[in-house]
Every structure is written in structure tokens, then in C-alpha cells.
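If you read the protein sequences in the order shown, they are chains A and B.
Each residue of the first sequence is one higher than the one before, counting from 9 in my numbering.
Each residue of the second sequence is one higher than the one before, counting from 9 in my numbering.
Worth double-checking, as some hints may not be accurate.
Just so you know, same-sequence chains aren't split out, so a pair can sit in one copy or run between any two.
No farther apart than 30 Å at their CA atoms in a straight line, the calculated lysine-lysine pairs in the DSS-like style are these [said to hold, decoys possible]: (1) K179 with K42; (2) K182 with K324; (3) K305 with K30; (4) K30 with K244; (5) K30 with K158; (6) K418 with K208; (7) K173 with K305; (8) K33 with K158; (9) K244 with K33; (10) K30 with K215; (11) K244 with K158; (12) K419 with K408; (13) K215 with K244; (14) K365 with K384; (15) K104 with K419.
Keep in mind the hints are simulated off the structure, nothing from the lab.
Number of protein chains: 2
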Amino acid sequence: MKTKLDGHYTTNWEEVIADRMKEAKPSAIREILKVAQDPTVISFAGGLPAPELFPIREFREACEYVLTNNGQQALQYGPTEGYRPLKEWIAETVMKYGVPAVPENILLTNGSQQALDLVGKVFLNEGDAIITDEPTYLGAIQAWNPYRPKYITVPLDKQGTRVDKVEEVLKEHKDVKFIYVLPNFHNPAGTTLPLERRQKLVEIAAKYGIFIIEDDPYGELRYEGEDLPPLISLHKENVIYLSTFSKTLAPGVRLGWIIASEQVIQKLVIAKQGSDLHTSTFIQYIVYDICHRGILKPHVKRIRKVYRERRDVMLKAMEEHFPKEGFTWTHPEGGLFLFVWMPEELDAQKLFERAVKEAGVAFVPGSSFYPNGGGKNTMRLNFSCMPPERIKEGIKRLGKILKDELERVKK
Amino acid sequence: MKTKLDGHYTTNWEEVIADRMKEAKPSAIREILKVAQDPTVISFAGGLPAPELFPIREFREACEYVLTNNGQQALQYGPTEGYRPLKEWIAETVMKYGVPAVPENILLTNGSQQALDLVGKVFLNEGDAIITDEPTYLGAIQAWNPYRPKYITVPLDKQGTRVDKVEEVLKEHKDVKFIYVLPNFHNPAGTTLPLERRQKLVEIAAKYGIFIIEDDPYGELRYEGEDLPPLISLHKENVIYLSTFSKTLAPGVRLGWIIASEQVIQKLVIAKQGSDLHTSTFIQYIVYDICHRGILKPHVKRIRKVYRERRDVMLKAMEEHFPKEGFTWTHPEGGLFLFVWMPEELDAQKLFERAVKEAGVAFVPGSSFYPNGGGKNTMRLNFSCMPPERIKEGIKRLGKILKDELERVKK
Numbered sequence: 009m010k011t012k013l014d015g016h017y018t019t020n021w022e023e024v025i026a027d028r029m030k031e032a033k034p035s036a037i038r039e040i041l042k043v044a045q046d047p048t049v050i051s052f053a054g055g056l057p058a059p060e061l062f063p064i065r066e067f068r069e070a071c072e073y074v075l076t077n078n079g080q081q082a083l084q085y086g087p088t089e090g091y092r093p094l095k096e097w098i099a100e101t102v103m104k105y106g107v108p109a110v111p112e113n114i115l116l117t118n119g120s121q122q123a124l125d126l127v128g129k130v131f132l133n134e135g136d137a138i139i140t141d142e143p144t145y146l147g148a149i150q151a152w153n154p155y156r157p158k159y160i161t162v163p164l165d166k167q168g169t170r171v172d173k174v175e176e177v178l179k180e181h182k183d184v185k186f187i188y189v190l191p192n193f194h195n196p197a198g199t200t201l202p203l204e205r206r207q208k209l210v211e212i213a214a215k216y217g218i219f220i221i222e223d224d225p226y227g228e229l230r231y232e233g234e235d236l237p238p239l240i241s242l243h244k245e246n247v248i249y250l251s252t253f254s255k256t257l258a259p260g261v262r263l264g265w266i267i268a269s270e271q272v273i274q275k276l277v278i279a280k281q282g283s284d285l286h287t288s289t290f291i292q293y294i295v296y297d298i299c300h301r302g303i304l305k306p307h308v309k310r311i312r313k314v315y316r317e318r319r320d321v322m323l324k325a326m327e328e329h330f331p332k333e334g335f336t337w338t339h340p341e342g343g344l345f346l347f348v349w350m351p352e353e354l355d356a357q358k359l360f361e362r363a364v365k366e367a368g369v370a371f372v373p374g375s376s377f378y379p380n381g382g383g384k385n386t387m388r389l390n391f392s393c394m395p396p397e398r399i400k401e402g403i404k405r406l407g408k409i410l411k412d413e414l415e416r417v418k419k
Numbered sequence: 009m010k011t012k013l014d015g016h017y018t019t020n021w022e023e024v025i026a027d028r029m030k031e032a033k034p035s036a037i038r039e040i041l042k043v044a045q046d047p048t049v050i051s052f053a054g055g056l057p058a059p060e061l062f063p064i065r066e067f068r069e070a071c072e073y074v075l076t077n078n079g080q081q082a083l084q085y086g087p088t089e090g091y092r093p094l095k096e097w098i099a100e101t102v103m104k105y106g107v108p109a110v111p112e113n114i115l116l117t118n119g120s121q122q123a124l125d126l127v128g129k130v131f132l133n134e135g136d137a138i139i140t141d142e143p144t145y146l147g148a149i150q151a152w153n154p155y156r157p158k159y160i161t162v163p164l165d166k167q168g169t170r171v172d173k174v175e176e177v178l179k180e181h182k183d184v185k186f187i188y189v190l191p192n193f194h195n196p197a198g199t200t201l202p203l204e205r206r207q208k209l210v211e212i213a214a215k216y217g218i219f220i221i222e223d224d225p226y227g228e229l230r231y232e233g234e235d236l237p238p239l240i241s242l243h244k245e246n247v248i249y250l251s252t253f254s255k256t257l258a259p260g261v262r263l264g265w266i267i268a269s270e271q272v273i274q275k276l277v278i279a280k281q282g283s284d285l286h287t288s289t290f291i292q293y294i295v296y297d298i299c300h301r302g303i304l305k306p307h308v309k310r311i312r313k314v315y316r317e318r319r320d321v322m323l324k325a326m327e328e329h330f331p332k333e334g335f336t337w338t339h340p341e342g343g344l345f346l347f348v349w350m351p352e353e354l355d356a357q358k359l360f361e362r363a364v365k366e367a368g369v370a371f372v373p374g375s376s377f378y379p380n381g382g383g384k385n386t387m388r389l390n391f392s393c394m395p396p397e398r399i400k401e402g403i404k405r406l407g408k409i410l411k412d413e414l415e416r417v418k419k
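Given the sequences, and given the hints that come with them, work out the whole structure.
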């Protein structure tokens, strides 16, 4: 508990760390993102929205309006549940997807990341099992690791979660707490779960009395095809739904929301009260003002157009420059990412190092997204943050490295 | 795990809640604050800063400046550690209190409440003991309860923590993880720890190899006497220091900070990354702009003047209207609160109900601040949020109820 130093006892911090955090290390992806910040690097690494699309003028107007008309309220403490008019706006908006929500079903959070943490805090006992895709969203693993669950993974294919495998897992494992899925434009995989799989998944969950965490940060960013019903619209009582303003408005506001039954929201509110009292009142007032004025819908339309083009440019360049044999990748209908499976001989970490050094191109090696290890021959590519010309150039350079590395390992 | 309803299995949420949250209930204080929100009630209940003092014009200017000059950065994702220029500003500011900090010693958080939660997440194993005052800050108990520690309390007197009792506890208990103290203008007690007790406390902590959580949200709000050195300036390596912009600028920004050794900050950063990625970039840019322009110092001077007057008005009215025998209260040198110990026969919860109903006056019964129960004959009075005339009137009415209740119980 103590070490002697210069005649004083000082705390040995390594020893006093709680067990849950002993093994926690800074995520490998953060190191990658540091490399990718170099402006000379063509980065497909981060999950950043394109900052040139942020509605800065609208934010300025909203700040002016809120501070002129509601300054005292916007700067004061507020309720843990969140600013009611914004919750009403969200309730109205999700109606169009068939989600029957009232403000009592909604909790506003500091981005979806806090929603994931609160879910872990409220539901996870040490050793509980969670079913996730393989690969799955890294942020969820980071949020839940401190609660020390175990992850049981099911593979995904180009249509997302292999729902048939979920039932196999549930038959075998009796300690599953919940199933975590990203049905729309999966991070990192870029897949979208078809309607039949959605229906089958909520059926299986209901049959085994398991609930579902539906993570939907990208749902509004669809570039082709029809909107599909969220899982929560198919079985309201069994699904906890998460979404965010990060991808439609701006991530810097850190504002997301949870939709669930009132009983679940009440528990999450208690957890959030201990976690940070409430989300910034000021941010909630500003975002409400922007939403309320009807700015979000046309703004999202503009984002879709730009990202759709970037996705198309990336896919076309990959067709042209990536090796074919043993390579396969997703064709995302929306979102920010696509995922590449490569021949087993290729190591994405090594490729990353070569790509940055020799070609000035960054991506994220896929293994970070495998909760139980694996995925060494996979990578995630982001297409939202680079202009088309740089995407073309970056994919061309990356293709060259891939071909070269492929030849090297075959020798 | 499941109950059958209308032919569907639906989740029985009570059953799937994690053990850590099973007993968590909405805090009693929230119900009290709801009553106190009635504008006809004279409220000494909340811990709200006076909203008429919020620097709204300065916020408007800051929003305009930030969005015009740094809009893209301020709305984008940012580092978990926080916005570096703001950390540099904090480091410079705390220097005047003798705290030798560089940005690497600082983590920005969503108010002090998140700092408390992160401390719990990083350090508390189930069953670890924490030494706290009795009474102590309710928000700390709420933050830590999910990590299931036990609380060993030491009494406080009008000079704050009975440091002599801390050593007694440490001799007896070998499972103490840390000591939690609020040396300046304690919430709820309004006490300030004298220099000798500060020195003694860090000595004892060092002797037993225990670290200290120093919570200092009110340090800038001193109305009389000299600033005293924070504990962290007396023994940097053993102290984790928490503060916030909530009381000096505005609580609606939800912005606080932790100062600790670099090693501790690194662990807290990993925990925060899982909790919510980072605090709102936009909020950090705005608060930095306000701080950077030198607005905070004269603004805090203005707050001090107003709150000092309100404290004086409350203390004078209490002298005049409160019963004397068996009553004692603190004379706070700063902060927002004072604390009243009443004769054992009086029940503050019952008094609260009578005061609201018969006199339209609200306060917080002190028992909420006793982690292991007790304090039924105590109450916390806030003096920052009501104008002087209402303070006078409220204390007069409350005094009448107290005298009446005293007579009633003596019969």
C-alpha cells in the first residue's frame, strides 16, 4: 500500500488501482489516430464527420437566440433526465420510424458513449455474458470492460449479424445478459441487417428472454435503399435503443439519447445522476433550438449527398486498385465505414506501418474490433472525412502497398 | 430472466439489473428540490448559484468568437484529456495557490460529479473503505455507491474534519482506500479546515500510505479571512484534487477538472474514454475563451460580494429568529451553505414538511448527508440563491416553525 520515498510515504498508484482498471490500457486505436492527425497523411482511420459540413452559422444563431432569450435557464443546473422540449422533439422524430416514444422513454446522454457506459453500469455484473458481432464497435467494448463481462461473439457476413448463430449461442449459454447489435451501417463493418434478420433477432431474443441493445448512430445517413424498421419498433419492451447527434449535427456537442421503457430509463437516470448529474444544459438548449427550427433535416440531406459521393469514389477506386484474390469488402448502404477482409497471410498491423511510412496513408487494423482477439487480416476504412481526390489517391497508394505486401508474403 | 406476457416473453427488468444498482433509489433530495422549485416557496434547499449573476453577455461574445474563428475544431471530436489551452490556463491559475501543475496533471471532466465517478471507477473495489466526514457531500456518496465501498465516518466540528479521529480510524482499519475531504466551505457543513489540520491530515495520510481526495468546488468563493493552501500543495503526490467552473462561471456548462500525478491522470483518462470519450469540445472552447479574456476574476469578485451579503443577512436573521437553546450552526467563511444542529428531539424531515406546508419555506434535512444514517436533527441552508429580503422573510418564518415544533415536542 505504500512505498518510502525521500523520507515520506507516498502512494503506490499501481497498487491502489481497482481490479476493474488494472488491465485497462490506452486503446491501440488512439495511437493510430495520432499518426493519422498529421495533415500530410491521407487518413481513412478516424470516424470523424467532415468538419466542412458543420452548420456553424446555425450554431451561431442558436447561441445568440438561447443566450438572449433563455440565458439564465441554459446556464443553470437542469434535470438529469434531460431538457424536456428536446426529448419531445426526439419522440416526434423517431415516430416516423415507428418507435412509439414519449419523453419518459428518453434519457439524454453525453453522446452514445455515455449511453453504453450507463447500460454497463445498470445491467452488467462481473462475468455476465454479452453477445456481440465479430467485429463489433470498439467503444462498446471500452465502455463495458470495466464491468468485467465476457463477450461471446457471432460472426457477421455482408448482411450483418449472423442471426442464426445467435440462437445457437443462446441454446448453449445460460448466462447471456444482452445482445449488442448495430443494425444500420455497422461500425466497423458497414453492413445493414435486412428486415427478415431484424424480425428473427427480436423473436429469438423474446424466446430466450434476452434483451437487445440497439446502437444506431448512423441511421439517418442512408445513401441508397429504403429505411428499415429499428428493432425497437419491432419489440418495444425488449430493446434499449441508442442514438446521437454526433453524426448528423456535430460530435463536439457530445449529445446522444437512449430510448427504452420508462422503468429502464428511471434506473439509467439514477446511474447518470451519480455519473455526472446531467448533460450540459447549454448544449441541450442550443441543439434543441437548431432542431426546433427545422434545420437538421435539410442539413442531413446535404451530408448524405457528400458522403454518398465519397463512398462511391472509394468503392470505385478499390475496384480499380485493390488486389482481387482473397480480398472481399462491404458495400455500405450508409454510414461512415467499410470493412475489408484480406488473405490470412496478410497482417493489417504490419500493413498499417508500411502504409503510413511508405505511402502516407492511414486506416484502422480490424483486430481492435474483435473483442476476443482475431481479425488480424482485416481493416476498417473511413470515407467521410477526406475529399474525393484524396480518397482516390489514398486508395491507389494503399492498393500498391497491398499488392506489394501480398507478393512479399507469398515468397 | 423472463416473464410471459400476451404470448411474448418480455424482459423482467427488475431481475436483470446489476447488483450494484439493485438498491439504488432516486435520491430523497431530488423530491425536496422539486418542492423547492415552486416559485412561491422561499428555497434554502438547492445548491444553485444565483442565475442573475451568470455572465450571459460574455458567453454570447465567446460563442460568437469561437464559432467565427474555430468553429470546425470546436464542433469536432477532441482528445479525452481535454482542450490543452484550457488546461494550460488552469495550470497557471492554480499556481497562485501553490499547486505545481502542468497540463499533463489535469483532466477536464463533466463537472466535479464526473470526477467523483471516475475516481470511484479507477480506485474502488467492492468492500474498500472510504473515510468521509459526517456529514459529507451527498453527490460523492451517489457517485461511489455503485462501486459498493463502505464508508467510515469521522465527525466534524465547526473547524471541519476532526483530523485526530482520522488517525484513530486508520489505526483500526487496514482496508481504507482513501480519505475524502472538502477543506473549503464544506458542503453541507460550511466549515473550513484550518492550516494546522490541513498539515496534520496530509501527514497522517502519508504516514499510513493513504491518499486523499480533495474536493474544492467553492474555494474561489471566500467572503472573509485568508486563502489557505489546498492539501495538494502540501503533499502533491498523495492528493487528487477536484474543482469546477460550476460555482464561478455557470453549472450549466458541466465543466470541472481533476489535478493529480501524471500516472493517475493517465488511468483516469482511460476510464473517461470508456465513460463518454471526452467532454464537449464546444463547451471547452467557450469556457477557455471566457477565461482567457480575463473575465472570470472580476466576475468572481462580483459573485463574492453578492453572496457575502446574503450569508450575512441569513446569519443575522438566524440570530434574531432561531431558538437558541440546543441550536448551533456554522458561520461559513465562504461557499453556499451553512449547517444547523438542532436538539435531538427535533426531526428535520418533519420540520421540512411543516415548513413547506405552513410557511412556504424549503431546506434540506441533513440526514441525506450522513452516509451511514443519522443526523435526523440537522439541516442544510443555502444562502446563494435567494435575494436578501426573501432570506430575511424565510428565516423569520422558519424560526417560528422551529419554536413551535420545539414546544410541541416538549409537551
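Here's how the hints hold up against the structure:
no., hint, verdict
1, K179 with K42, "neither (43 Å within a copy, 47 Å between copies)"
2, K182 with K324, "neither (45 Å within a copy, 65 Å between copies)"
3, K305 with K30, "neither (45 Å within a copy, 40 Å between copies)"
4, K30 with K244, "between (38 Å within a copy, 23 Å between copies)"
5, K30 with K158, "both (16 Å within a copy, 21 Å between copies)"
6, K418 with K208, "neither (42 Å within a copy, 69 Å between copies)"
7, K173 with K305, "neither (37 Å within a copy, 61 Å between copies)"
8, K33 with K158, "both (18 Å within a copy, 28 Å between copies)"
9, K244 with K33, "between (37 Å within a copy, 25 Å between copies)"
10, K30 with K215, "between (37 Å within a copy, 25 Å between copies)"
11, K244 with K158, "within (26 Å within a copy, 38 Å between copies)"
12, K419 with K408, "within (17 Å within a copy, 94 Å between copies)"
13, K215 with K244, "within (15 Å within a copy, 56 Å between copies)"
14, K365 with K384, "within (19 Å within a copy, 68 Å between copies)"
15, K104 with K419, "neither (56 Å within a copy, 65 Å between copies)"
Violated hints, listed in ascending order, are 1, 2, 3, 6, 7, 15; each of the other numbered hints is respected by the structure.
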